[in-house]
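Novice: Can you make the complete structure from the sequences, with help from the hints?
2 protein chains.
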Amino acid sequence: MSATPVSFCIEARRGNARSASLTVRGRTTKTPAFMPVGTQGTVKGIPGHQLHEMGYRAALANTYHLHLRPGEETVARLGGVHRMMDFPGIILTDSGGFQVFSLSERNVVDDEGITFQSHLDGNRIRLTPHRAMEIQHALDSDIAMVLDECPPADASAKVLEEAVRRSIDWAGRCWEHHRSLSHDRAVFAISQGGKDPVLRRQMIDELTTVSFDGFALGGISVGEDRQVIRDEILAFTQWLPEDRPRYLMGVGSPRELFLAVRQGVDLFDCVMPTRNARNGHLYTREGILKMRNAIHAEDPRPVEADCPCTLCVRYSRGTLRHLLHAREMLGPMLATEHNLTFLLRLIQDLRRWVERGDAAVDFDWLDRHYP
Amino acid sequence: MSATPVSFCIEARRGNARSASLTVRGRTTKTPAFMPVGTQGTVKGIPGHQLHEMGYRAALANTYHLHLRPGEETVARLGGVHRMMDFPGIILTDSGGFQVFSLSERNVVDDEGITFQSHLDGNRIRLTPHRAMEIQHALDSDIAMVLDECPPADASAKVLEEAVRRSIDWAGRCWEHHRSLSHDRAVFAISQGGKDPVLRRQMIDELTTVSFDGFALGGISVGEDRQVIRDEILAFTQWLPEDRPRYLMGVGSPRELFLAVRQGVDLFDCVMPTRNARNGHLYTREGILKMRNAIHAEDPRPVEADCPCTLCVRYSRGTLRHLLHAREMLGPMLATEHNLTFLLRLIQDLRRWVERGDAAVDFDWLDRHYP
Chain A
1 MSATPVSFCI
11 EARRGNARSA
21 SLTVRGRTTK
31 TPAFMPVGTQ
41 GTVKGIPGHQ
51 LHEMGYRAAL
61 ANTYHLHLRP
71 GEETVARLGG
81 VHRMMDFPGI
91 ILTDSGGFQV
101 FSLSERNVVD
111 DEGITFQSHL
121 DGNRIRLTPH
131 RAMEIQHALD
141 SDIAMVLDEC
151 PPADASAKVL
161 EEAVRRSIDW
171 AGRCWEHHRS
181 LSHDRAVFAI
191 SQGGKDPVLR
201 RQMIDELTTV
211 SFDGFALGGI
221 SVGEDRQVIR
231 DEILAFTQWL
241 PEDRPRYLMG
251 VGSPRELFLA
261 VRQGVDLFDC
271 VMPTRNARNG
281 HLYTREGILK
291 MRNAIHAEDP
301 RPVEADCPCT
311 LCVRYSRGTL
321 RHLLHAREML
331 GPMLATEHNL
341 TFLLRLIQDL
351 RRWVERGDAA
361 VDFDWLDRHY
371 P
Chain B
1 MSATPVSFCI
11 EARRGNARSA
21 SLTVRGRTTK
31 TPAFMPVGTQ
41 GTVKGIPGHQ
51 LHEMGYRAAL
61 ANTYHLHLRP
71 GEETVARLGG
81 VHRMMDFPGI
91 ILTDSGGFQV
101 FSLSERNVVD
111 DEGITFQSHL
121 DGNRIRLTPH
131 RAMEIQHALD
141 SDIAMVLDEC
151 PPADASAKVL
161 EEAVRRSIDW
171 AGRCWEHHRS
181 LSHDRAVFAI
191 SQGGKDPVLR
201 RQMIDELTTV
211 SFDGFALGGI
221 SVGEDRQVIR
231 DEILAFTQWL
241 PEDRPRYLMG
251 VGSPRELFLA
261 VRQGVDLFDC
271 VMPTRNARNG
281 HLYTREGILK
291 MRNAIHAEDP
301 RPVEADCPCT
311 LCVRYSRGTL
321 RHLLHAREML
331 GPMLATEHNL
341 TFLLRLIQDL
351 RRWVERGDAA
361 VDFDWLDRHY
371 P
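Chains as they are written, first to last, in the working numbering: chain A, 1 to 371; chain B, 1 to 371.
I should point out that these hints are in silico values taken from the structure, not numbers from a laboratory.
Please read these numbers as outputs of a predicted model, since none were measured by experiment.
Note that beta-carbon positions come from the ideal geometry of N, C-alpha and C, so glycine has one too.
Fair warning: there could be bad hints in the mix.
Claimed, not checked - Selected chain A positions facing chain B (in silico; Cβ < 10 Å):
1. 5
2. 298
3. 314
4. 331
5. 332
Specialist: Written as structure tokens, this is what we have:
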């Protein structure tokens, strides 16, 4: 028997929802948790230590991007992804698969892996379950994701079935190779299967025969409309093992966070909150404020009166609008901190709701402003 | 007799150099001081409160840019330039003249002012001594600059003479109108005259018949080579009144700061340290490091071991290089803080040198690395 460097302790439950502590290699995050996305080794516009000071204890880094630039060997020589991002919390890396399918050109899938062209320089690159684990190992992330095939949302049943078959096989290979590389890092499996409940269920049943440290729902927020996402969350989350973290990939709107937490999801990541911020779309309890609009030009009020972020404490709506129009990087910097502060407070409210019940938090504003 | 809301107290001297305290409207900066440039209402990539926490007590905002966008009325309605920049130190605004001559198209000068086209939308705009003071008054800066004509470095003697004649006249009109608008803000005159010592002297003699709160040397760092700048500094600074702050406009390289402080200059501004930072040129005691170069790719060392800035405390050279190549805004953010930290420490060393003598600081590194 070896020690357990990965632990997941459920501390409270309400309906299907739960709050828990996830620890990997001595780093702990409370869940539910939203993980900001550091695509190229940094969350855009926010230093890692500031994320940590804000209260974030988990973040994501993209294997595809870091593999292409600066390369995992360079990251390793610079001390690993925690040093590079200057983030002391849990860092989860994706496998790179999703970006290969969405960003790279001329990717070709076979049973052994994927061959693709870098979107940066056109170099042909080969990604296999083996390589995906080795790259993540070199990056030195705490949680690695298995390589999976990510078919488009409108894929035919045949393509979907083929992708599921391959992804199950790859998950097993990833698990084996991960265990040969590391005994203290976590590896999560990913369920694909699109909207087909039979395929989803079948894949989850296969994946759960292996003792992965956590399970993700992939392919949920790829081009589908909202209602479909809700139904899928309702249907699929329950099939994931109760005692492992459940991670809904690519989901992060306030409404979807709320719905998914209620269904028992523990972890989230999404680029939208930070991308929205850079475009001047700011989350508030009164809905999204589009800060580039003329109506804000001379408004001396803060974006949100009770928000503790730098933007809301120190700057007016009018100044933020000016910074965005003048293309000053301070605008996206402040807006990003705000949206991440908003999501952190939402997640903290959701945790309190799980721990203390409905009376603790009033979520009517979510129904009214994020329908 | 009215109270003196503007004070300049010389506290130590060494040769022609001096250290002093400049106070305007209750805000104080020690001099010599370098003022970071907040072109559009922010120093690029650094929030105002962070500049203040670093130790900066004076900064510059550009009247031309803020007049065009968002407009001085909007700045006023948002609480003035201090609130907008979130900077509690002294804010100096230029008159807009320099930008009109360098940025706008089809500018036409007459004895009453300048007519120019906005570089943003092509609108025709009229700037007069009157308007220049009114705009700066609306922005609510602490120190206003008079409007002057800024001829190019290679202007003929006739053009230069004409510009000096006009600028003397405009300075008088600015002074009169400034005094009618405000009794607690400072206004500085600007000496032009290019490289011609007779013209310079003549203009300074004219300007000093009016009790401006400070005097600037303009047109010193416009396209001239280094040696010429040195000679001009040597020749011209001495003619400015001893008991008023002396401001060398547009100068900010480590070497020039050192030379100018030795000649008795008190205030500086320059976009180069922050622009250099964004381009990956970092100031160090060993000279300028070009951080985009491949040599830094896997270097785990900080840019400067003893520097207290976020970059040097938290990030490696290799990570900075990656951030710059990946066009992540965190790169320019960190590099800007570093270069401004470097200049602040240099200025603090220069102040100590004035106060305590040569033994206090070793400036050999400047001679070796910034020749």
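Novice: Are the hints correct? Go through all of them and say.
Specialist: Quick rundown of the hints versus the structure:
1. 5: violated, 26 Å
2. 298: With a minimum Cβ separation of about 5 Å from chain B (threshold 10 Å), the hint on residue 298 (chain A) holds.
3. 314: holds, 5 Å
4. 331: holds, 9 Å
5. 332: holds, 7 Å
The structure fails to meet hint 1 from the earlier list, while all remaining hints are met.
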